[in-house]
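Could you put the whole structure together from the sequences, leaning on the hints where they help?
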Amino acid sequence: MKRIVSLTLFFILLFAPNVYARAQSAVFLIGKLNYIKDDKTITMDVAPYISQERAYVSLRYFADALDIAKQDLLWDETSKKVTFRISKKQIELFVGSNKMMIDGKEEAIEAAPEILNDRVMIPLLILKKMGYFVAWDQATQTIALYF
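Residue numbers -21 to -1, 1 to 126, in mature numbering (1 follows the signal peptide of the UniProt record, and there is no 0), belong to the letters of the sequence shown in order.
Treat the hints loosely; a few may be bogus.
Each pair of labels, with its calculated beta carbon distance range [claimed, not checked]: (1) Tyr125 with Asp82: 31 to 37 Å; (2) Lys108 with Asp51: 14 to 20 Å; (3) Met80 with Asp46: 17 to 23 Å; (4) Lys84 with Asp24: 31 to 37 Å; (5) Thr57 with Gln3: 32 to 38 Å; (6) Asp55 with Tyr111: 23 to 29 Å.
Mimicking BS3-like on lysine-lysine, the simulated pairs with C-alpha atoms at most 27 Å apart in a straight line are [unchecked claim]: (7) Lys60 with Lys108; (8) Lys107 with Lys11; (9) Lys107 with Lys19; (10) Lys49 with Lys67; (11) Lys78 with Lys59; (12) Lys16 with Lys107; (13) Lys84 with Lys59; (14) Lys68 with Lys49; (15) Lys68 with Lys11; (16) Lys67 with Lys84; (17) Lys59 with Lys108; (18) Lys84 with Lys107; (19) Lys59 with Lys49; (20) Lys67 with Lys107; (21) Lys60 with Lys107; (22) Lys49 with Lys107; (23) Lys67 with Lys108; (24) Lys60 with Lys19; (25) Lys107 with Lys68; (26) Lys78 with Lys68; (27) Lys60 with Lys49; (28) Lys78 with Lys60; (29) Lys19 with Lys84; (30) Lys49 with Lys108; (31) Lys59 with Lys107.
Quick caveat, the hints were computed from the structure, so don't treat them as lab data. Here a beta-carbon is modelled for each residue, glycine too, at the ideal position from N, C-alpha and C.
This is the structure we're talking about:
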């Protein structure tokens, strides 16, 4: 019996680090030109903002925060469409449109992507459609992404 308990504990401890691996995170502060990704501060050239009660961030820094490779991020000027891959899903966003495509399936979104100072700005709540956790703190005006 002792041997079975010992072996069971051994395997639990062996695999425990994988079970408790720390999730990646990114924190954006409204109106500030820095964001924090896994305890590192990164400078941006455009600050996140609130529009129609929704938080927006530059697509460039959104992609960086989620480790989306530049070659996986495509912009079509003619159709004003952004395409990228994340978590093995193809995402399409359309500037000015309250719809997005996830693997070819249309999904409604509460706020449309915008262009501000030649930057595509996207509402961070779209991450919820992709299964990510987004937390808003009104007191500190911060948005935390967990993935």
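Margin query: Between the alpha carbons of Lys60 and Lys108, is the straight-line distance 27 Å or under?
Written below: Distance of about 18 Å is within 27 Å: holds.
Check: Given a hinted range of 32 to 38 Å, is it respected by the beta-carbon distance of Thr57 and Gln3?
Finding: holds, 34 Å
Check: Within a Cα-Cα threshold of 27 Å, do Lys59 and Lys49 meet the stated pairing?
Finding: Holds: Lys59 and Lys49 sit about 18 Å apart, inside 27 Å.
Check: Taking the beta carbons of Asp55 and Tyr111, is their distance inside 23 to 29 Å?
Finding: At 24 Å between Cβs, range holds.
Next item on the list: Sort out whether Lys108 lies within 27 Å of Lys49, counting only the CA atoms.
Entry: The given pair, whose Cα atoms are some 22 Å apart, holds under the 27 Å limit.
Item checked: Given pair status - Lys11, Lys68, alpha carbons within 27 Å -> violated, 30 Å
Notebook entry, point to check: Measuring from beta carbon to beta carbon, are Tyr125 and Asp82 in 31 to 37 Å?
Noted result: violated, 22 Å
Note to self: Lys67 and Lys107 were given as a pair; does the straight-line alpha-carbon distance stay at or below 27 Å?
What the structure shows: holds, 16 Å
Next item on the list: Verify the proposed pairing of Lys84 with Lys107, using a straight-line Cα cut of 27 Å.
Entry: holds, 16 Å
Item checked: Satisfaction of hint between Lys68 and Lys78, Cα-Cα up to 27 Å -> Judged against 27 Å, a Cα distance of about 16 Å means the pair holds.
Margin query: Given the hinted pair Lys49 and Lys67, is their Cα-Cα distance within 27 Å?
Written below: holds, 16 Å
Check: Between Lys49 and Lys107, is the straight-line Cα distance small enough, at 27 Å or below?
Finding: holds, 22 Å
Hints 1, 15, 24, 29, counting from the list given before, are not met by this structure.
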